[in-house]
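Peer 1: Those sequence lines, one after another, are chains D and R.
Start counting the first sequence at 1; every next residue gets the next number (UniProt numbering).
Start counting the second sequence at 1; every next residue gets the next number (UniProt numbering).
Just so you know, not all the hints are guaranteed correct.
[Claimed, not checked] Simulated DEER-style distance windows between Cβ atoms: (1) H4(D) - P278(R): 45 to 51 Å; (2) T240(R) - N6(D): 36 to 42 Å; (3) L64(R) - Q201(D): 47 to 53 Å; (4) D282(R) - T9(D): 52 to 58 Å; (5) E265(D) - G316(R): 21 to 27 Å; (6) E244(R) - D96(D): 31 to 37 Å; (7) L68(D) - W294(R): 45 to 51 Å.
[Claimed, not checked] Per the computed footprint, the stretches of chain R lying under chain D, defined by three or more beta-carbons under 8 Å from a beta-carbon of chain D, are: (8) 7 to 18; (9) 190 to 199; (10) 208 to 216.
Everything labelled a hint here was simulated from the structure, so no lab data went into it.
Keep in mind the model is a prediction, meaning the values are calculated, not measured.
We put the CB at the ideal spot given by N, CA and C, even for glycine.
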Amino acid sequence: MFLHVNDLTVDFATEDGVVHAVDELSFEVERGSTLGVVGESGSGKSVTSLAVLGLHDPRTSTISGSVLFEGKELLGAPRTAMERLRGDRIAMIFQDPLTSLSPYHTVGAQIAEVYRRHRGTSRSAAWERAIQMLDRVGIPQPKARAEDYPHQFSGGMRQRATIAMALVCDPGLLIADEPTTALDVTVQAQILDLLRELQEQSGTAIILITHDLGVVATAAHDVLVMYAGRAVERGTVREVLHEPRHPYTWGLLGSMPTLRRPVTEELRPVRGAPPSLLNVPKGCPFHPRCDFVELPGPRVCTGERPELSPPRGHGDACYLTMKQKREVAP
Amino acid sequence: MTLLELSGLEKHFPVRGGFPVRRQIGRVHAVDGVDLTVHAGQTLGLVGESGCGKSTTGRLAARLLEPTAGRVLYDGRDISHASRRALRPIRPEIQMIFQDPYSSLNPRHTVGAIIRGPMDINGLNPKGGREARVRELLEIVGLNPEHVNRFPHEFSGGQRQRIGIARALALEPRLIVADEPVSALDVSIQAQVVNLLGRLQRELGIAFLFIAHDLAVVRHFSQRVAVMYLGRIVEIGDRTSLYESPRHPYTHALLSAVPEVAVDGGGRERIRLTGDVPSPIDPPSGCRFRTRCWRAQEKCALTTPPLTRLQGDRDGHLTACHYPLP
Numbered sequence: 001m002f003l004h005v006n007d008l009t010v011d012f013a014t015e016d017g018v019v020h021a022v023d024e025l026s027f028e029v030e031r032g033s034t035l036g037v038v039g040e041s042g043s044g045k046s047v048t049s050l051a052v053l054g055l056h057d058p059r060t061s062t063i064s065g066s067v068l069f070e071g072k073e074l075l076g077a078p079r080t081a082m083e084r085l086r087g088d089r090i091a092m093i094f095q096d097p098l099t100s101l102s103p104y105h106t107v108g109a110q111i112a113e114v115y116r117r118h119r120g121t122s123r124s125a126a127w128e129r130a131i132q133m134l135d136r137v138g139i140p141q142p143k144a145r146a147e148d149y150p151h152q153f154s155g156g157m158r159q160r161a162t163i164a165m166a167l168v169c170d171p172g173l174l175i176a177d178e179p180t181t182a183l184d185v186t187v188q189a190q191i192l193d194l195l196r197e198l199q200e201q202s203g204t205a206i207i208l209i210t211h212d213l214g215v216v217a218t219a220a221h222d223v224l225v226m227y228a229g230r231a232v233e234r235g236t237v238r239e240v241l242h243e244p245r246h247p248y249t250w251g252l253l254g255s256m257p258t259l260r261r262p263v264t265e266e267l268r269p270v271r272g273a274p275p276s277l278l279n280v281p282k283g284c285p286f287h288p289r290c291d292f293v294e295l296p297g298p299r300v301c302t303g304e305r306p307e308l309s310p311p312r313g314h315g316d317a318c319y320l321t322m323k324q325k326r327e328v329a330p
Numbered sequence: 001m002t003l004l005e006l007s008g009l010e011k012h013f014p015v016r017g018g019f020p021v022r023r024q025i026g027r028v029h030a031v032d033g034v035d036l037t038v039h040a041g042q043t044l045g046l047v048g049e050s051g052c053g054k055s056t057t058g059r060l061a062a063r064l065l066e067p068t069a070g071r072v073l074y075d076g077r078d079i080s081h082a083s084r085r086a087l088r089p090i091r092p093e094i095q096m097i098f099q100d101p102y103s104s105l106n107p108r109h110t111v112g113a114i115i116r117g118p119m120d121i122n123g124l125n126p127k128g129g130r131e132a133r134v135r136e137l138l139e140i141v142g143l144n145p146e147h148v149n150r151f152p153h154e155f156s157g158g159q160r161q162r163i164g165i166a167r168a169l170a171l172e173p174r175l176i177v178a179d180e181p182v183s184a185l186d187v188s189i190q191a192q193v194v195n196l197l198g199r200l201q202r203e204l205g206i207a208f209l210f211i212a213h214d215l216a217v218v219r220h221f222s223q224r225v226a227v228m229y230l231g232r233i234v235e236i237g238d239r240t241s242l243y244e245s246p247r248h249p250y251t252h253a254l255l256s257a258v259p260e261v262a263v264d265g266g267g268r269e270r271i272r273l274t275g276d277v278p279s280p281i282d283p284p285s286g287c288r289f290r291t292r293c294w295r296a297q298e299k300c301a302l303t304t305p306p307l308t309r310l311q312g313d314r315d316g317h318l319t320a321c322h323y324p325l326p
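Same shape as in the complex, but just chain R:
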């Protein structure tokens, strides 16, 4: 069942400059035509390099930002331009977890107050009272319920991220947008948090939009994966087909750039992209990846390849490429 659907989603930010009057001199095409769906109780991983628009997409999905164009459908309702008032009943159902466990918690509030906050704001009175619920949430995320009166600085990075997760769970959301939730953590702690998120999903049936740059983490936690490049989805599909038979050259290059622990290499074809990602203020015409693509031809500059199912691919595996890999 589809819980969240983004279609033709765009978000442009103005760039101002000049003197003495600062005029708009350009637009950053942060998100430029994104289509994707998140199924109830499942995880969609969203991967891409810095500046590709994955965080903006997450913020649009949680409606922290209003799209420039396109639609955000949550549970069948169009919330693309819904007002604050109209969004109120939906807000509790969509929660966020942020990357930096240091800046996303108020240092002057106790852990109890931080986790109770969403319940206070939404006037939620769970059975047994809010205090009991806070303790229960701490236990769910693997923290000691006795620590409700401590402050964030008394916890380590991994524990703080657990506090952020407990806060997101307080309103029993159906969808959590997790923006790089483990990238600030050490490897051994990162694994603890990934396992915790997996357990929460199995036990509570929460859907995740899991935004990350680490392809290995995404593979571990997501049933479906979307790859983003310069504001657009270039490939989306179920985990197995995307990782084992990527069709888009960019997906292939990303996968082959991941340094692997296996020393023998295992016959992976090595692809090295040259150069950097072009500026989203003035993105290339046609296929955005063509300036770094080794398969690009004339057609790639002229027409934008649509995101479609290619011959031989499974249902739901879509690729936006004129000259896909075999």
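The shape of chain D in the complex, shown without the other chains:
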């Protein structure tokens, strides 16, 4: 397995208490495939990706579990080793391309710098590589545009440039945190197409973090649905979106207006609001908002926390039996 995250737990000490941002999360990503991580704000999806990259401040966070990447343990790896890895074997792109580019340097120089730092090539070779990358991500006249500053690029082009920077060293793993959320829908479609093309050429594994199930459906192979720092459902895109098993996944799908569903039908939102991570509900974290807590019997959902089951393939963390699910599923 290419990336294997096991029992990852991330806690932050804050003035108000300990925030349990991620709790015993396990997942795997294979070479050449895309894992979509879906969840609402505060579900722990971004915290997870920063933990994989080793970007949490050790003074304020406590991280346990294991992150195996290409057979090497990343949790607790020395800082210099992580610095060599980041930007080289593991790269990341963020939601807002403008804040991830320096306004004082040309786009070409920023891409070339990453390449020189990791590969130690000459300036001119790195510059050539930068132009080649800009061309690969579909920026017209890459030679001339490499000399431009980020503010001279449009939003979609900036995101292309950050993708070029992320892929300049041919990373094995790309973490994309809401890469299209700040973009218009026509540009979003272009960027998702681009990521897919680049993945087909290079076999890069992608972790795609998003709140949009539509983006997952178009761009991912597998899905991990997160709620309050835990995985509540896992499977292929087809399994999770077409035969969803967890009541929270039902709620997410029922909340989404689509271009197909009959307009006479009201949306079926999840009632209430996500819990505070300072005080995650005992047992199944979703039970205060779940319509089916009574079904598994008294006090089951508020007792032991449900684990993802079955442990491989399409699994969900819920005490309802398959028979009950078939009966109550929307």
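Use these hints to put chain R onto chain D, whose structure you have.
Peer 2: Only chain R this time, still in chain D's reference frame:
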């Protein structure tokens, strides 16, 4: 019945630059000839990408901005250049809901004071008093009336948006201009707010100008929909005909760019636009969309296509295109 009519509406903002004297060096054509109508008790959805002028159109409709040219007719009266004094009696009837529930509420006021504000300003004395009305409004939007003395920071994003809605309802408006009211909210909360707005419309008969970039949300909440591109309406029509048989290439491209949950795809034709929206400081001649349009021909650069009803389309379905889709 037509409640709001915008015709030939334009709003240009000056662009200044240069040294030592900052002169006007250009104009942003934010809104450049918009025609649309909002019917009483109905929703008109206004969709488009960032920078297309949809928010400016909303602000012009609520007369928070004065148009450069064109007319704003509210309930038959021309309010395009009405003075503050002349607008006073109309203000309560047109209210706004904003996108960001964090910055649109005063953090130092209690929820009660925020919702009572519009009544205080307009000297409104509802039956039973203002305090009772505030509690009633909180209940209408699904919040606990006991929370009148709390401050905005004690509420979640979705609850704050409900406070904003309660404030907009305080004066019993006939028209609400809602500018991206759900785009800052999480999916599950977004659905709660969309359902709330739908219920308010059915129960109170309020008309909405619903501005959003999310085509799926707009489809769900609007009886009629207008699509905007670079300051102009390119297509407007009832929901069914616009979504099921779009005639303008841009509408078609927008719809096909929406990522759908249905994995099978369902045989939707995929259209990918290339490039970005041109600058509104120097928009293309003729049809604004021609620089990204795959059907564009010479004529598109020369003459601006008028917004008209095309052969075979239903009443009220208007398209501005020389070479519309079949």
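Peer 1: Which of the numbered hints are not met once you compare them with the structure shown?
Peer 2: 2 and 8
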